[in-house]
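Asker: This is what each chain is made of:
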Amino acid sequence: MLVKPLFENYETEAFFDEAFDRESNTCRASYAETAAFFEGMTPERMQASLRSLERAFLKQGVTFTVYSDGQGTERIFPFDPFPRIIPADEWATIDAGLRQRIKALNMFLADIYSERRIIKEGIVPEYLVKTSKHYRAEFSGLKLPYDTFIHICGSDLIRDGDGRYCVLEDNGRCPSGVSYMLENRIAMKRTYPDLYRQLNVERVAQYPRELLKMLKTVSPRQQDDPICVLLTPGQYNSAYFEHTFLAQQMGIEIVEGRDLAVENERVYMHTTQGLVQVDVIYRRIDDDFLDPNFFRPDSTLGVPNLMKAYRAGNVSLVNAIGTGVADDKATYAFVPDMIQFYLGEEAILPNIETFLGSKEDDLKYILENVENLVIKAVDEAGGYGMLIGPASTKEECEDFRTRVKANPRGYIAQPVISLSRHPTFCDNSLEGRHIDLRPFILTGKETVVVPGGLTRVALRKGSLVVNSSQGGGSKDTWVLRDAE
Amino acid sequence: MLSRVAENLFWMSRYIERADNLSRLVTAHQNELLDATSSLSGTGHEWHPLLEVTSMGDEESKEDVVTYMVSSEENPDSIVNCVFQARENARAVRDQISEEMWIEVNSLWLDLKQINVNDRDRHEKICEMTTRSALLFRGIEWSSLPRTDVLAFVQLGGYLERADKTSRIVDLPHFLPDQEVSSAWNTILRACSATAEHRHRYGGEVDAANASALLLFSATFPRSVRYCVQKIDELLHQVSGTKAGDYSNEAERSTGALLARLNFSGVEDIGKMGLHDYVDSIQFDLNEMGWEIAQRYFLLRKEAPPTSAEAYVTSRMRAQQQQQIEEQQQQ
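Chains as they are written, first to last, in the numbering used here: chain E, 1 to 484; chain R, 485 to 815.
Pulled out of the complex, with its shape left as it was, chain R reads as follows (with noise of 0.2 Å):
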């Protein structure tokens, strides 16, 4: 497969990823602050934790918090373009991935860009069609992708940022006042898919030791950290075709390195550090490995590669700008 078309599987399946986190996560945050025992009602700052949480910046934006992180169009990463970059993503692929796909894609964003600015419940809309889209993408993908590397490079960009997301998201306390700390495990749980299988294990009392377990360490839960290293472990391994355990490149290397760390942890551990110190770690490891596949995979080109993950996504960008402006004096 060529390494351009390696690159853009990944990225829109992690753009379609992160737009369906936020989604999430904006839908139970919201749903928490509804609740008038907030402390955070009324501040004019409900939002501000979610902002820093997901690292879109605390700047100043004329924009209030909600329409910045799900529509605005100054901000890179808000619902609304992660969902325009999943699609030009796919758009640079479209021989390799399934009409179904395309269509699914395309229609989101076609879909949300009718939505009127002035409608009451815009972000609403935008958040329930987000993820529902998102359910029917990797529904799609699963049904009419070939087992092949085209599959493997979805997925392995779709667990890398489900993995950083939920990672990020248990992280939620630590912007948080102290009397929302304890409600907030609700929002996280249910921003991640949770509630239901915490309650299933651990009964009803939502308890910050057992939801942390569950998000970071479950072997079964498919929006845990532990079990997104695990897949993205084994998607490495069959497009290398090197053996488990093994590794062939620094991409295996430092995935089998975080997947041992959470495989032999338990929260125990996370007492030790601090969970917002322990999540951080996580998050550094979950970056190399970000790195290291585009090392191995997407950048065997011969200009130099630029120096960070972040640095490289804007040279790309730029490229791109530069690109177009030629393609327009081509017509």
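Bound-form chain E, shown alone (with noise of 0.2 Å):
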């Protein structure tokens, strides 16, 4: 076991450290290799090593844009070189109950769409869905390949104070973030190949090819090779380098709105050559931007008619129109209940403890309880309209009690979960900083779970937010194969 030289100011204090064992302040047997060979490193050479990975994401262009500053500068996502390291045996859970909570989740949207089960049997209130903001009523009724919804699914998972694995939500309508999953294991096999090697880790460079797969078997037509699109707002979008990561590496055309047309309830893209059918959209826009003929009319991103194809069954949308009623903050709290419904099974991973601002009693205990909850918006995503009560003012509080009691539908509210923390390099030595882990699924006729996923991490001391516009970072994240 491993006495702590490198480590030598790294305090776990009283949080879930991933590390670290804190009773026994030894070295978990998963990070022993990884400890070691970090350890043999000066922080000059850590310094350096830095400093490369740095500049070839610049140079790739791997970035995101920021718009606080008005100018859109791009930037870098930070990166941490400090690998995540999860056992064959916990990503086997992880990986049985993600499975276990995408098929609720896409049997959930058939139903509210559909016969309305859930609905009508009393495990969800109407009102709930009815209320939310990404229903889709109108488009009840329709029939898609495989009853699938959610094609591509990031839900984010956290651990709490005991190092057990939750799910703090699901992000089921345009998921971003898995080119970082993928460009950060290029750059960490090329910066530490030797360690790379020992560990026997899971691969997760199939991801693109697997995505191209699944987006072929949601075709509407099937007699030949379908066209494939992916649809981006363009490239001033945050997520662009994504975007096009994406198309290029699936060898499909990245379009914009303005690309496609609709004819005959078809949709075609121009080409030098003339009209070219498409069959299925993976879009990266929100519903709401998608048509202007029928969502906003303001909206330049979109296709006119888009709607009217999808509708005839022509071309198919991944994710399908209106899964964001799957993702709303509080739909999230019925999902061990969709789970028991639909597959007769306990969740494998667990929710966090969630109060609802639409139940009486759930709305007093939140007003009464603001300064010691997190509470959230439930449309919201982005690290954005939430508080975390113990780390704010008392008159952000304030102003968030009377937003709750003004709109209690919208607002949901879960205890602080003290997320485990990892190892992270800052300055010169390493410390503890707070992650969560999304790893990405992706549903056509079956179910994929790439084993791997986007480790964020808080770079900000003691900060809990993860999100890449609000400070946080990313690491590899490496599921080590069963040592058989």
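Hints listed in this document are in silico derivations from the structure and should not be mistaken for laboratory results. Check before you lean on any hint, since a few could be wrong.
Derived lysine to any residue pairs resembling SDA-like cross-links, with alpha carbons at most 25 Å apart [to be verified]:
| id | chain 1 | residue 1 | chain 2 | residue 2 |
| --- | --- | --- | --- | --- |
| 1 | R | K727 | E | L275 |
| 2 | E | K189 | R | K597 |
| 3 | E | K189 | E | K405 |
| 4 | R | K727 | E | K405 |
| 5 | R | K597 | E | R55 |
| 6 | E | K405 | E | N428 |
| 7 | R | K715 | E | T272 |
| 8 | E | K189 | R | I587 |
| 9 | E | K189 | R | D579 |
Make one complex out of these two single chains by using the hints.
Answerer: Next comes the structure, spelled out in structure tokens:
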């Protein structure tokens, strides 16, 4: 067992630490080689390898755009080279839990857009679905290939104080971040090849291939090789790098709304040789912007009459229209019940205890305990529209109290979870920083979970917010292969 | 290939070529000004002929003229802005071009931004880095792009811009005081990388007739207008699959017409019209070719096309801004 010279000043404090066992003050077995490896490095060498990593990311344009300064500056997504390691047995649980969850979520969506059994049987209250901002009643009755609505899901997992993996939220609209998972891996393999080889890590590079395979399975035209495209809002979107990266890896066209046109309820793209029919659109644009004749009339990002083609069943959208009702943060609270209802199983990955503003008792509790809770707007993402009670001023808490009172349906509350921490390079030493994990789940005809994901890390000391727009960075995630 | 992709490839390449030619012109002119004999030296108008020859206008700017041409942010055609535009176009088609190509144009942009505003050699550095990078870019293009429409549209943009710039540079004497005209041909040859070729063909003395014959009518010199138009002609036929000598669209027709004119012309024909008017007529044809290429390959969309190439570029920029605002709302 490793004692800790490099980790001389390292403190696990009162948190669950991914690499160190607090009780015995030793390194966990899965981290032994990695800790020893970084221990053998001087801070100078560490700094140098960090700088070359950053330069490589910038040169390749592995960046996202920050608009807060009004200029739209490009930044690299800060990257920490100390990999997050998940042993095979832990991953097996995560994998099973994610499969179970996506199955239930898709059954839920297929149900509420058709028979609505779950509502009729009183498991999920009707008003909750009806009042969800992203519920699209007008698309009820539409039959989708394999009844799949959420083809690509990024569920955020955290570990609580006892190291238990829990689901924090499900991103079932346009989850992003997968390109960083892939680029991080490339960078890590190039920078630390020996360590990587030594550990026997599961591959992630098959993701684009699996994605394309999935896209093809949901094509409405099955006779030929279907035409799949990636629809981007354009090159000024913060995730544009990811869009081009994925399109390139899959070898499909990346299109903007103005590249597509709808004729006779079919979608075509403009090419130098004329119009070509499109079968599957992997869209990275929210519902609201997809079709100015149907949703927001002022949008220039979308394609006029796209919804006509979609309704006629001539084009598949990935993800489907109306999945947002499943990643509504109030719906989230009912996912364990959905799993029970549709599958007759206990949820493998538990939820975080959640109080709903729409429930009378819960509301009372929330209003009395704002200072001790995390409060979230149900339809926001990216770390926006939330309050971490203990870390906020009296005024901020009061402000949220007013907001929740005015719109109880619009908010939920959860206890503050002390996310697990992970050794992270800060200046010249290692310090514990809070992390989460976003694995990616693909579902067409069948479900594929790529063993890995994006580990996001809150680089600011003490911060619990891991979002890239708010000072978060990332780590490569190494799922270890079962040692046979 | 998507029309928009073809358009981005075309403009990426045009902007690289534009930045490169401007850099060469500024460097060559700077070199000429160093000679104390230049009557332009010390007049405060040293750089104005370049403004006119490049059609950057003679509007009063607070910045000095070199800065305006090289690094100004307010001048949409300054070298730095051209590099920026090239990079933005490349970014839009990252998935289509080679990794090395993107890294080259992105690195140039990042490196130019690194140059200190107070650096005394700032302009020289910008010009030198841009020219070097443009050469690399063309090399990478040639050795890494597939021989499909991808390379064809990149080359179309490059040759069209080069033909335009060479013809403009040849017109430099028109904007100079009389006593400067004869020495201007050194600058012109240098700006077109043609000094050595001129020497090979005609010996040491630089002569206006020889130099303009080389730059306008040579079938083998890669920066001559005729050579570029010939390449455009070949590329357009390759894209459409039409056989040589025939045409299937207006872009091919207008290119073929200009090519025939250049193939069967010589300096005598310049004499009749005067160099300035002759070059003007070539530029008119080049503009028409650019416009027809856009009509045929880029503007298949339903909305009414704007009325001129300039208006088209402006409307495109406006659309981009609108889009940018919406994308921000989507964050």
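Asker: For each hint, tell me whether it holds in the structure or not.
Answerer: Hints and how they fare:
A hinted pair counts as satisfied when its Cα atoms are at most 25 Å apart, and R/K727 with E/L275 qualifies at roughly 24 Å. At roughly 31 Å between alpha-carbon atoms, E/K189 and R/K597 are farther apart than 25 Å, so this suggested pair is violated. Between the alpha carbons of E/K189 and E/K405 the distance comes to roughly 51 Å, so the proposed pair goes past 25 Å and is violated. Distance check on the hinted pair: R/K727 and E/K405 sit about 74 Å apart at the alpha-carbon level, beyond 25 Å; violated.
For the given pair, R/K597 sits about 15 Å from E/R55 by alpha-carbon distance, which is consistent with the 25 Å threshold. Taking the CA atoms of E/K405 and E/N428, the gap is about 47 Å. The hint is violated against a cut of 25 Å. Proposed proximity of R/K715 and E/T272 is supported: the alpha carbons are some 19 Å apart, at most 25 Å. In summary, the hint linking E/K189 to R/I587 is supported, as the alpha carbons are separated by about 20 Å, within the 25 Å threshold.
This hinted pair checks out: E/K189 and R/D579 have alpha carbons roughly 23 Å apart, not beyond 25 Å.
Going down the numbered hints, you'll see the structure goes against 2, 3, 4 and 6, while the others check out.
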